[in-house]
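Keeping their order, the protein sequence lines are chains A and B.
1 is the number of the first residue of the first sequence in this note's numbering; add one for each residue after it.
1001 is the number of the first residue of the second sequence in this note's numbering; add one for each residue after it.
Listed next, the in silico DSS-like pairs over lysine-lysine satisfying Cα-Cα at most 27 angstroms (straight line): (1) B:K1057 <-> A:K45; (2) A:K45 <-> B:K1009; (3) A:K2 <-> B:K1083; (4) A:K45 <-> A:K2.
Source of the hints: derived by calculation from the structure; they are not laboratory data.
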Amino acid sequence: RKEVEQDPGPFNVPEGATVAFNCTYSNSASQSFFWYRQDCRKEPKLLMSVYSSGNEDGRFTAQLNRASQYISLLIRDSKLSDSATYLCVVNAETSGTYKYIFGTGTRLKVLA
Amino acid sequence: DGGITQSPKYLFRKEGQNVTLSCEQNLNHDAMYWYRQDPGQGLRLIYYSQIVNDFQKGDIAEGYSVSREKKESFPLTVTSAQKNPTAFYLCASSGDSYNEQFFGPGTRLTVL
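Generate coordinates for the entire structure from the input sequences, incorporating the hints supplied.
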């Protein structure tokens, strides 16, 4: 089982749609969680950190479910500019060292 | 503006040559990281450094070397021992080992 798993997609959705991505992780000792956005041939950019209580930033909502070991990202009112790959990142302590584990990403295409 | 810079953006190398990729940050971050990204794959950790003059191997360190003589700088050398060096190389930094990372724009290395 991969340490961090994401559905690769692509998710093809019309403008204005609501879309949700999930990401599962295997290490129950994981400490911090993030969603990044990566455009084609560009670097990942932090979209949002994911807090235990859940957090919202405009059209984006992130949630953490520790019991089931997954995080989610909800995008409301999708825009064409939301088309990108969304990376799930989990930080966990292993043998006294914190490591960031990256999912392979979920591709989103928002269609006009 | 605070940020991370990487140079060059594109790099072409002949087989058997060593090349050094530059990474500089002015975010006053202690931790710095090098990742490699191949098409359709997640980011894989090459080396990381949590403080000046100290660094550790990541998951795929063979054929690479680094130094951390200054807080701001973390250059990566891709040696001729790296069997498949063509990839997108990303440098990142973070204020500590478990909060969000910030990425440079990347260097795309092609071995001819």
